[in-house]
Amino acid sequence: MTIESELESIFPSNKDDPSNLGLRLGIIVGGSLSKGLTVKLDAGELPGSMIEQLAVGRYVVVQGLTERRFFCIVTDVSLEHTNPSIESNPPETTDIYTAEIYRSTLVYGRANVAPMLVLERDSEEPRPVKTIPAHFSVVSQANEEDVARVFGKADDDHFYIGNPIEMDQVPINVNLDRFIERSSGVFGKSGTGKSFITRTLLSGIVKSGKASCLIFDMHNDYGWAIKNEHGREYKGLQQLFDANRVNVITLDPETSQTRGNRHDGALHIPYDAIEPEDIAMLAGVLTLSEVQVNALYFLRRRLGRKWLRKLLSDDEHDQTELDEFIQQGDLIKGTLGAIQRKFEIFRHMGFLQTNVREDLVETLFQKLNSGISIVLEFGIYGDNLPAYMFVANYLTRRIHHRYVATKNKAFGHQGDEPNPLMIVIEEAHKFLDPEISQHTIFGTIARELRKYNVTLLVVDQRPSGIDDEVMSQIGTRVTCLLDNESDIRAVFSGVSGASALREVLARLDTQQQALIMGHAVPMPVVIRTRDYGPELYAEITGGESHDIQSDGEKVAQAKADLFG
Amino acid sequence: MLRSDTTGFTFGCLLPEPEVPLFGDFVKAPAQQGLTEIIGVIHNIVIEDDLFVRQLIAAPDLPDAYIQDQRRNRQIPIEVSVLSVGYSSGNTMIQGLPPQPPVTLDYIKRCSINDMIAFTDRQDYLALILNSKETPVDELIVAALQRASGARPIEDRALFLIQAGKELARLLSDDLSKLDSILRRIQVNT
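Residue numbers (our numbering), protein chains in the order written: chain B, 1 to 564; chain D, 1 to 190.
Just to be clear, a hint being listed does not mean it is correct.
Simulated crosslink set (BS3-like; lysine-lysine; CA at most 27 Å straight-line) [stated by the list, open to error]:
#1 B:K227 <-> B:K153
#2 B:K40 <-> D:K133
#3 B:K40 <-> D:K178
#4 B:K153 <-> B:K130
#5 D:K133 <-> D:K166
In case anyone wonders, no lab produced these hints; they're calculated from the structure.
Given only the sequences and the hints, what does the whole structure look like? Please build it.
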């Protein structure tokens with residue numbers, strides 16, 4: 001027996017089939033479960049080049065000693081050396097031989113990776129990681145099979161949302177059941193593709209029929225076609241689904257008609273249905289003081305259902321009635337005057353009407369409960385934040401109330417469970433501001449989870465403005481590029497171990513890239529979001545792939561893509 | 001073979017040896033009754049004086065024939081000291097100190113090119129040289145690598161020197177000035 005074979009029998013070399021592993025990157029040299037693992041990178045074929053191939057956000061697999069495979073995500077990379085004097089006395093750049101020797105041995109790349117999931121021996125289902133691989137475990141690039149195994153296959157429950165970076169063939173699928181089970185959020189600076197991702201997610205949810213969506217569409221992004229900055233047109237939800245799946249209700253029928261958008265009804269709100277609670281949430285944007293808000297409740301109690309109409313009325317009789325409160329000392333003149341001045345804004349909301357024939361809240365509830373999603377287009381009111389917040393608050397309060405009632409009946413075996421509902425709001429930080437979120441319906445919905453089958457999908461560019469308590473209840477977070485430090489911190493609040501992903505988030509591309517983490521994905525993942533285009537239309541409609549662009553438009557698009 | 005110990009041995013030779021030993025050369029000596037062959041690197045060559053040399057050196061106008069005669073027919077041999085760096089047992093080359101040193105009056109041979117290539121296929125012997133106390137370590141490493149590289153075909157030399165350089169870098173990671181000077185001389189001399 002030779003010495004080699006003798007040694008081999010004592011210390012058997014790794015018998016893993018190398019073809020099963022991706023490109024070897026290095027070995028584990030330290031770290032912890034909470035702070036992540038430290039990988040000493042191999043020198044690579046061209047010594048020192050390995051680090052340049054390893055971008056943050058990439059997946060790696062660590063082969064443990066006990067046949068466990070740990071799935072990790074790269075969170076940071078750095079340059080290290082074995083001797084500090086190398087920094088003061090580096091080899092001459094012209095001395096290629098010495099530099100190569102140094103790069104192969106004395107200096108090395110280091111990667112920090114956060115362990116996320118572990119695949120136990122003889123198990124197909126990855127589990128959350130509770131231990132870490134042993135020293136000197138080999139780290140290799142995750143191959144496509146690994147990633148596919150973690151994110152599952154696209155089926156009725158899983159919707160294809162994009163591909164991991166540099167793995168164009170591997171689909172990342174979001175678990176829709178889990179996505180709607182808790183409130184979710186789409187965050188990112190403006191212009192990073194929030195609405196495209198949201199539209200993709202919504203089309204997946206509507207197609208699956210797992211929940212109906214009530215979309216408060218501030219900028220007319222979701223209902224009908226939308227053009228991007230290059231002028232390319234994309235289909236809206238109404239073009240992808242028939243009227244049994246998606247209805248568009250408009251607050252501004254004129255603009256909708258001018259734009260050629262088909263709509264299935266106009267929303268009118270009767271003055272007399274408005275309650276002080278509908279307006280109290282606007283205290284911030286209307287700069288109503290606490291005294292003024294309290295005065296609203298007083299007026300409602302004393303004036304009855306017509307309180308708002310009387311407040312806005314120029315009628316002498318109504319004014320006299322109000323003046324009486326002042327004379328009796330129930331109300332200060334300044335308070336009433338301020339309320340009336342601030343309420344002038346309601347006069348410009350054309351959808352507020354004295355007489356409304358149909359109770360649209362009930363109609364909307366019935367539609368939502370029967371699985372029809374509603375896009376509420378704001379038209380010209382999209383730029384009117386008080387109008388947007390008022391309508392969103394008004395409808396959500398009432399629909400939520402109906403859901404609570406229906407759910408309670410179902411508890412008492414007196415009716416069916418209400419169909420799950422996802423309410424989509426933009427500029428969410430205005431609704432979920434720490435000062436008001438305790439009192440608003442949106443704060444309540446976010447906190448009560450899916451108790452009453454209603455969840456939120458918040459779309460926002462300033463997550464730092466959202467109440468921490470609400471933020472911590474957001475189950476799935478889809479985050480495009482954010483660079484404000486406080487926004488980044490907010491996105492990671494309440495996600496254990498995710499702070500390691502900060503660097504990943506701050507390094508996303510400005511468009512079509514997003515970090516998805518939380519309830520609906522087994523582990524955080526950076527994706528290049530799938531194209532919202534003919535292929536997705538075909539999948540949604542189940543028909544042939546066809547583009548709504550003409551050839552001329554395609555040429556223009558290609559030019560724009562190439563030359564900006 | 002004059003004398004030996006586990007870490008090395010010294011042999012004697014006369015000047016007209018067909019192959020004059022050189023500093024850094026790889027040589028081999030039989031040991032364990034021919035079971036193993038010890039491989040070493042020459043690290044010192046001593047030419048001592050004797051009584052005749054002392055007398056001759058004082059003599060004026062010495063004819064050239066006298067000088068040549070004295071050189072060829074020395075009373076005291078040239079002493080060549082060798083650092084043991086490994087041994088061969090059968091077909092296996094082992095880098096490390098031999099189990100037994102060679103015994104006196106054994107014949108010492110220079111390693112063939114194939115022996116050198118086979119032995120220097122691994123670089124563990126560099127640690128033995130670096131750890132030796134009584135040798136000019138830097139110079140010996142440069143000279144030994146020069147021989148080992150020269151034994152290889154030209155196309156293999158660069159890779160060999162890189163592997164050797166990596167091993168040196170690992171061994172000298174805490175003494176960069178020494179490493180730097182060795183690496184620089186390797187490039188100049190090979």
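Hint check results:
| no. | hint | result |
| --- | --- | --- |
| 1 | B:K227 <-> B:K153 | violated, 31 Å |
| 2 | B:K40 <-> D:K133 | violated, 34 Å |
| 3 | B:K40 <-> D:K178 | holds, 26 Å |
| 4 | B:K153 <-> B:K130 | holds, 25 Å |
| 5 | D:K133 <-> D:K166 | holds, 23 Å |
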